[in-house]
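**Student:** Residues per chain, in single letters:
Number of protein chains: 2
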Amino acid sequence: MGGDFAPAATIDGAVSALDEIGAGNVVVLLGPEALIREELRRRDVGQDRFAIVHCPQEITMEEKPLKALSEKPGSGIATGFRMLAQGQLDAFASAGNSGAMLAGAVTSIKCIPGVSRPCTCTMIPQEDGTYGLLLDIGTTPDAKPEVMVQFAIIGSLYARYVLGKADPKVGLLNVGTEDGKGNLQCQAVFPMLKACPHIRFTGNMEPRELFKNHVDVMVTDGFVGNIVLKEIETFYRLIQKRGLGDPLFDRLNYELYGGSPILGVNAPVVLGHGISSALAVKNMLLQSKRMSEQGLVDALRRLFAAYASQDGNA
Amino acid sequence: MGGDFAPAATIDGAVSALDEIGAGNVVVLLGPEALIREELRRRDVGQDRFAIVHCPQEITMEEKPLKALSEKPGSGIATGFRMLAQGQLDAFASAGNSGAMLAGAVTSIKCIPGVSRPCTCTMIPQEDGTYGLLLDIGTTPDAKPEVMVQFAIIGSLYARYVLGKADPKVGLLNVGTEDGKGNLQCQAVFPMLKACPHIRFTGNMEPRELFKNHVDVMVTDGFVGNIVLKEIETFYRLIQKRGLGDPLFDRLNYELYGGSPILGVNAPVVLGHGISSALAVKNMLLQSKRMSEQGLVDALRRLFAAYASQDGNA
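In order, the protein sequences belong to chains G and B. Its first residue numbered 13, the first sequence is counted upward by one per residue in the numbering used here. Its first residue numbered 13, the second sequence is counted upward by one per residue in the numbering used here.
Careful, some of the hints might be misleading.
What the hints assert, rightly or not - Each computed DSSO-like pair below joins lysine-lysine, with the alpha-carbon atoms no more than 27 angstroms apart:
1. 84/G - 156/G
2. 242/G - 122/B
3. 253/G - 224/B
4. 224/B - 193/G
5. 181/B - 224/B
6. 193/G - 181/B
7. 156/G - 242/G
8. 206/B - 253/B
9. 242/G - 253/B
10. 224/B - 156/G
11. 206/B - 181/B
12. 253/B - 253/G
13. 76/G - 242/G
14. 156/G - 122/B
Said to hold, decoys possible - Using C-beta positions, here's what the derived DEER-type ranges look like:
15. 196/G - 190/B: 21 to 29 angstroms
16. 190/B - 119/G: 21 to 29 angstroms
17. 311/G - 20/B: 16 to 24 angstroms
18. 188/G - 50/B: 42 to 50 angstroms
Hints were generated in silico from the structure; no laboratory data involved. Even for Gly, the Cβ is constructed at its ideal location relative to N, Cα and C.
Please put together the full structure from these sequences, using the hints given.
**Tutor:** What follows is the structure in structure tokens.
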């Protein structure tokens, strides 16, 4: 029931993902069972192609996350996280209340030992056809410098495990490229990124490099990252509205990527846009499957175990 | 000699501004006199159409601002601010070293009493053909909440005096529109903006409203504002490069506005882009003339005198 266009977009997306998901995997639909069955019937899709978990309650977009989660254990979000924590799901995706998704992740599957705060990331299409990663895009608005270093480590592993980049370059999003530039936060985090043995830090980067494939992972705090992402979305919508489509700009469409992974927690979770379409839902499913299959969470656990013991940074 | 294309772009811009500047005003060129006279001769422009102040020294883009200003009193920037402080100029514009321009403003003409920190602003074209104002765009990266309230007051007066908006609406750039959203800085400044009697605060605004003319003045701190502006410039260049011109996007061209006014100081100062073209230089001159003629600095002085005495905020 997550997102503005549920259940139609959710069901359509899940159905269209089936072929690519592969026979060995099961897509589990969480929501009111009768409604799901009715939607499948209407589409002439066999009821046996999905597992269905009846979730009679619904957390709306306006509800306070923690209160909603505790008062609605029968909601799709609360049920999904319970199943994920118990190993009944390998990955979980929803376009529902994003605060509840984040709170659910942190309270159920919890942060990986050594990770202070979770983060969310997004793919940024590059002019040369490749993709960069921007994080954090909204989870942790006032990130301390040591937390931003963790974002850099987490982003590097995501780029390696999910995007297949062998030795990802990390840049700090800043207002100038010289060392020592920026606000107090950037000035504090710069030397820490430089000293971090777990990443390949290439220095500051400016917004003009956002699409230039100078780095693979662009690190910023959740406030600035959210502003940058929303400005990209604003330009995407303006360009579409004005009929100026183009191979690069068309790739700014969030639907192509699905959603934003919540990273640093003990299982793959993907957070969808409130306006998720069927295409977005399909890609969220495929993205959560990739995150699960490619061993990202185990890799993060191993690295943070080493990181915590080496740097006393648990 | 300021900017990457000086002296050619500076002279061309100054020459093309002459007609609109009007007969009662004098454009003063600051730079090496022989070079200026040679450039004018080459263009067949009468030497008597400008006042020329010989400035044998030059502050380059790489120099440290305060050191350069004290070691090069004969530079155009140091001379311009000296003349401005002594009332020999009504306004001063340069596309030179922006740190030196800012340091020069703060050390020579100084901040208006009651203004804690200067700020710089930029015009943002709106979809409906109007313009909004974004500030601060880089002068004060770690603005305290009370300083951001001052930005809001200064921006409102600029919108009123220079852009002719009768009762400008002020929005706080944020990651959500609900009260209480955002990072700690936004959470702290929101109630202060709401309580400020000198502005018409309409609440938080998101990046999706950047071009929607929902507000006249968009307030943020110098770090976020600089990132937002540089991202706009990035999209402008991408759109141009890909041949997707359009009436709205074409208005993102900074050259049309000239430069960024340094606000909160005791005289009109306009800071140009390093890559200022002749068109940008022309518009910088016209902009500094408008700032001077429309009494912005006096209005700021009056309001901050009242503000300081009312709020104990000197």
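**Student:** With reference to the structure, classify each hint as holding or not holding.
**Tutor:** Here is how each hint holds up against the structure:
1. The hinted pair formed by residue 84/G and residue 156/G fails the criterion: a straight-line CA distance of about 33 angstroms is larger than 27 angstroms.
2. A C-alpha spacing of about 37 angstroms is found between residue 242/G and residue 122/B, which places the hinted pair above 27 angstroms, so the restraint is violated.
3. Taken as a hint, the residue 253/G and residue 224/B pair is honoured in the structure, with Cα atoms around 13 angstroms apart against an allowance of 27 angstroms.
4. At roughly 32 angstroms between alpha-carbon atoms, residue 224/B and residue 193/G are farther apart than 27 angstroms, so this suggested pair is violated.
5. Among the hinted pairs, residue 181/B with residue 224/B is consistent with the structure: their alpha-carbon atoms are about 13 angstroms apart, no more than 27 angstroms.
6. As the CA atoms of residue 193/G and residue 181/B are separated by approximately 32 angstroms, the hinted pair breaks the 27 angstroms bound.
7. As the CA atoms of residue 156/G and residue 242/G are separated by approximately 22 angstroms, the hinted pair is consistent with the 27 angstroms bound.
8. Pair hint residue 206/B plus residue 253/B does not hold up; C-alpha atoms about 42 angstroms apart against a cutoff of 27 angstroms.
9. Simply put, residue 242/G and residue 253/B have alpha-carbon atoms about 22 angstroms apart, close enough for the 27 angstroms limit, and the pair holds.
10. Of the supplied pair hints, the one linking residue 224/B and residue 156/G is violated, its CA atoms being roughly 33 angstroms apart against a limit of 27 angstroms.
11. A distance of roughly 12 angstroms separates the Cα atoms of residue 206/B and residue 181/B; the hinted pair therefore holds under the 27 angstroms criterion.
12. At roughly 19 angstroms between alpha-carbon atoms, residue 253/B and residue 253/G fall within 27 angstroms of each other, so this suggested pair holds.
13. Proximity of residue 76/G to residue 242/G is assessed by CA-CA distance (about 23 angstroms); at most 27 angstroms being required, the pair is judged to hold.
14. Straight-line distance between C-alpha atoms of residue 156/G and residue 122/B comes to about 34 angstroms, which puts the hinted pair past the 27 angstroms bound.
15. As the Cβ distance of residue 196/G to residue 190/B is approximately 27 angstroms, the hint placing it in 21 to 29 angstroms holds.
16. For the hinted restraint 21 to 29 angstroms between residue 190/B and residue 119/G, the CB-CB distance of approximately 23 angstroms keeps it satisfied.
17. At about 56 angstroms, the beta-carbon gap between residue 311/G and residue 20/B misses the expected band of 16 to 24 angstroms.
18. A beta carbon spacing of about 35 angstroms between residue 188/G and residue 50/B contradicts the range 42 to 50 angstroms that was offered as a hint.
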